[in-house]
Amino acid sequence: MTASAPDPENPNQPSTSRESALAEAVSIFVNCQARGEAVDVERFCREHADLLPELRVELQTIESIDSILGVRPALQETTGVEEALPERLSGHRVLGEIGSGGMGRVLLAEDERLDRKVAAGRVRFCLWQHPQTDEEFFGYRAAIFGGWYHTPAARPLPFAGCLACGPAFRGPAPDGGSSKLSCPNGHRRKAVPPPAITTK
Amino acid sequence: MEPVTSSHGMVNRVQQGDHEAFSRLFEKYRAPLAVTIYYQMGANTRRAADVDDILQETLLRAFRDIGQFQYRSPGSFLRWLARIAGHVIADLGRSQNRHKRAGEHVRFRSDTNPGGAEPVESATPSRIFAENESLAVFIEKLNLLPEEYRRVILLAKVEELTTGEIAQQLGKSNEAITLLLHRAIKRFRSLVQEKK
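These protein sequences, in sequence, are chains A and B. Residues in the first sequence are numbered from 322 upward in steps of one, following this note's numbering. Residues in the second sequence are numbered from 347 upward in steps of one, following this note's numbering.
Hints in this document: simulated from the structure, not taken from any laboratory. Just so you know, these numbers come straight off a predicted model, no measurement behind them. It is possible that part of the hints are untrue.
As the list claims (entries may be wrong) - Here are a few chain B residues that face chain A, going by a calculated C-beta distance under 7 Å:
1) Pro378
2) Leu481
3) Lys503
4) Glu506
5) Thr509
6) Leu525
7) Ile531
No residue lacks a Cβ here, since even glycine has one placed at the ideal position from N, Cα and C.
Pulled out of the complex, with its shape left as it was, chain B reads as follows:
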């Protein structure tokens, strides 16, 4: 069997039932998809669910629906996965709302309520970020950036959009996005160096 190289080739093989290609494909996209999911979830959802859980569910749905995926351009597979992740997160939000309406109010453990439930530790990192220290640092530094800088880096480097596509998506000129991306990368670099 020829070595599996490009995403396009791997997707083709998965669609033909090659399970090895499936593993390699999703391993390749695990980190960027985790970053995408992290920011799609938002702080509130992250308190209720783990990035790993969404990642797992996303990959399961992707495997189930991979026959529907059509390769269009580099980055289209990750964007397809990101859309699935968006649906998973939306489903989670709906399910949480149902539970909220049906559930009872539980008081967390505190000095005045020593018998209460242990609160979920929202600071606990997801397993994928715990396993991949550089990915955790990447998220940490991204979180320190101004919102515009963070967004343009995510669009360019995680979603792999061109500056023209980013400009279209954000409703700005190509020149403005070009400058924004340059400054964002420069600022990101300085944040990384501050740690050193």
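Isolated chain A, as found in the complex:
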């Protein structure tokens, strides 16, 4: 490591820790795109706020290259194989999709060994490496659906949350407070004994 600024013409120049962090974030962004996922720059920047403003500039450069080449798919264009339901997920037989959103999708599956239905969440690849993913996806979605989620390994989570809204995804808290574990339609979170949709 060195504190000196990297030489732009020298690919072999040692990196600073900040440069490595920036490079890592850019790599996550580009890899998401390569896997056909549409990633929102502003959201991505918010999730890596400590790397601003350089990160935003770099992602905007990537977006401008994509725009010139004209191949970047919009979110709805990442369908095709991505949208096709897998037959099995973590050993469970997939029955259908409960819902999907910016962080991933939740599928209804059947645990044939235990003979019961489970909800299996699949997080977008680009969020796997993000520290908030567990808290937001597993926490909130567990609150909504109960059941089992995986990244890809399935795991049980306690059920607590709003049943009225069904398969809704995370939204801002109506009272202006933290959006974590909040119901987008304003229903108060309450502890509910499991399981609801997990039992066949």
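We have chain A already, so just place chain B on it with the hints.
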């Protein structure tokens, strides 16, 4: 008819004989394929043939063989097109060699040979780059980058490979490619801004 959206969906429709999907699919891939062809051709081939000609032939062959294409992952269609373009360029090279062996030496027009043939103007841009100014600038800036930077941008943004796949292809570590890509994009940005 449902709107055609994803490449995968469009390929399916082309395979089922939907000509509208064919047009949209190839229009979508025209620019990145042109960039791929430009760099696959190399300077010598570019003097002998135009990117547009290779592009045209590639698309014709792709249409003919689209039944053989199998979608595997995002970017696989462009990689399939790039492979066809590689064959077209190789065929062109073989045909040029045959002509070279069979042909006679023609002296270009010059002060000492005023009756000679007009040399091909190699600086004339291909039609696709002339029509798309930003694409031409993109190529121009890429050409100013060090080779390693240019290659990593092409692999990541034109061929749409992940950093892991690029690392495998170039025989480097994932960390090295991650850093290289970051620096390449940063340098590309500064080159674009220099013009402004």
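Violated hints, by number in ascending order, as checked against the structure: none
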